[in-house]
Amino acid sequence: MTLLEAPAAPERPRAKNEGQLERATERRNRRTYLALLLPGLLGLLVSFVFPLAYMVRMSFNQGSPDGVIVETFTLDTYIQPLTDPYYWKVTLDTFQMGVTVGVLCVLVSYPVALFLARSTSKYRGLLIAIAIAPLLTSAVVRTYGWMVILGTNGLVNSSLTGLGLIDTPLKLTNNMAGVTIGLVEIFMPYAILAMISGFGRLSPQLEEAAGSLGASKFKVFTRVTLPLCLPGLLTAFLLVFVLSISTFITPRLLGGGSVQVLATEIYDQTTGLLNWPFAAALSVILLVLFGLIIAVYQRLTRKIGG
Amino acid sequence: MSEAKVFKPRFNPAKPAFGLLVFLLYLFLLAPLLIVFVVSFAANQYLSFPPEGFTLKWYGMLPQEGTFMEGMKVSLIVAVIVTLIVLALGVPAALALDRFEFKAKAAVQSFFLSPLLIPSIVLALGMVLLFGPLKLTNTYAGIVIGHVAITIPFVIRTTLMSLATTDTSCEAAARILGAGSWTVFRRVTLPIIQPGVIAGGVIAFIVSFDEAVISLFVAESGLPTLPVQVLRYVENSADAAVAALSVILILISLAVVVVVERVMGLRKALR
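Top to bottom, those sequences are chains A and B.
Sequential numbering of the first sequence, starting at 6, is according to the numbering used here.
Sequential numbering of the second sequence, starting at 1002, is according to the numbering used here.
Hints listed in this document are in silico derivations from the structure and should not be mistaken for laboratory results.
On a predicted model such as this, the values are computed, not experimentally measured, just so you know.
Wrong hints could be hidden among the right ones.
[Said to hold, decoys possible] Derived DEER-like restraints, expressed as beta-carbon distance ranges:
1. Leu1025/B with Ala214/A: 58 to 64 Å
2. Phe1029/B with Thr30/A: 57 to 63 Å
3. Asn180/A with Thr1167/B: 49 to 55 Å
4. Thr79/A with Gly1133/B: 16 to 22 Å
Glycine included, each C-beta is placed from N, C-alpha and C at the ideal position.
Kindly produce the complete structure, drawing on both the sequences and the hints.
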């Protein structure tokens, strides 16, 4: 009896210990991951959450031309841009620029992405790297490059006048045309990247199959290749669109003050007019536009991924 | 008839045409970078085409350009500090996100990546509004804090990618063999995630080094970084002096590209 009971006796405390041990491990795990996460969370709180929250609060304050901010809670800062035709025009111009740049960027990026997605060359990796490497170069430098190409004495105008094709230089900078050309090129790497990831279902076998069943080259492209690419093209368009409507450097430099979009307007409201609450309200409006499109974009990418 | 059609080696004019199109589009994509190279070596006194001879004088002028050298100093200091800080903040966070299970994990991960979804002009305005009363505008601290938000997602992403491709058995083995948590991290985990940490670090460096909008808002008047100096210079005069500087900036970017491509692949890191 006692012999039989003996082994059972240590059983209970051990089980209890195990439970404690588990809970202790869990507690220690909890402490560990909290300790690991905390610095990063604090960092983002200070550098990301606080500035945005403060800006939203600021957008309900009253600004004045001399830069004095009146602490209050008003919607005037929103009513003005939403009722003033000037700001409607700026917002519409911004949208239009986004759509134009998005469409053109998709058009010029598609052949490159298609080429890279199909390529079996041993240099494919290198070619992909070259196509997306400009992402890591300064936007200021690339915009400067476009000013050199498009300027009054730039590459394009010098070549055309040199060839005797035109007498007076074309106006390609300090206007929307220049900004559009610059932005199309600057966002190409993003578009190519989005497309290569979005062309997952594209396979040469499907195209070959369609071809061997008698479809013409054109038909293979319009009935097989293009439909398979469509999700990738759409995500690339949305990505470039949101990047375009919020970009500042290129409209500022290539627009030379005569292209007004939301981003340049925000800058002018702060540095020139010192109307901080108004700039904050414009930013919130931009943010809302941006958020809506990002939501659509993420829903689309999830659909494509799933 | 049909047999002949199959076996006849056909010349397809679409193929070279498509190749040419892709080549021209690559040229378009690289045009602003290539043109800056050409202009930086051109002897033309003013910006014009075609280049009239070869010169290194624009490069020789750089050390005497006080604003550029000052901007370079500010940008280097900021980028180095930002890189160290975001690695210290981001690598542990990525570790927690991959190696532990907890509620709201997906939400925390999205939060860490979310600064990339906010237009930098909006972030920059928020920062200057908040930093003004705190006396952080025109200080190194202000620019560094501003850059932490936009660089941390890259470090988290590249580190997570390195973590995801490895399994935890090595760490478990080390722990069973008696290694402490710190030893396991240093001797096992760190070597595993090293590519992600390096890639994240150099991307953070170049993003901070090239960042212009936040720096412009937070420290335009008092502590202009190099991109802000270039921006101002280009706004007033688009001459060739800034081309030589641009080439140097491009070469720094190129070095980063090569490192990232080597350690984990550019496409994977920037996805």
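Results of checking the hints against the structure:
1. At about 31 Å, the CB distance of Leu1025/B to Ala214/A disagrees with the hint of 58 to 64 Å.
2. For the hinted restraint 57 to 63 Å between Phe1029/B and Thr30/A, the CB-CB distance of approximately 58 Å keeps it satisfied.
3. The hinted range of 49 to 55 Å is satisfied by Asn180/A and Thr1167/B, whose Cβ atoms lie roughly 52 Å apart.
4. Roughly 21 Å separates the CB atoms of Thr79/A and Gly1133/B, a value that falls within the hinted 16 to 22 Å.
Consistency note: the structure conflicts with earlier hint 1 alone.
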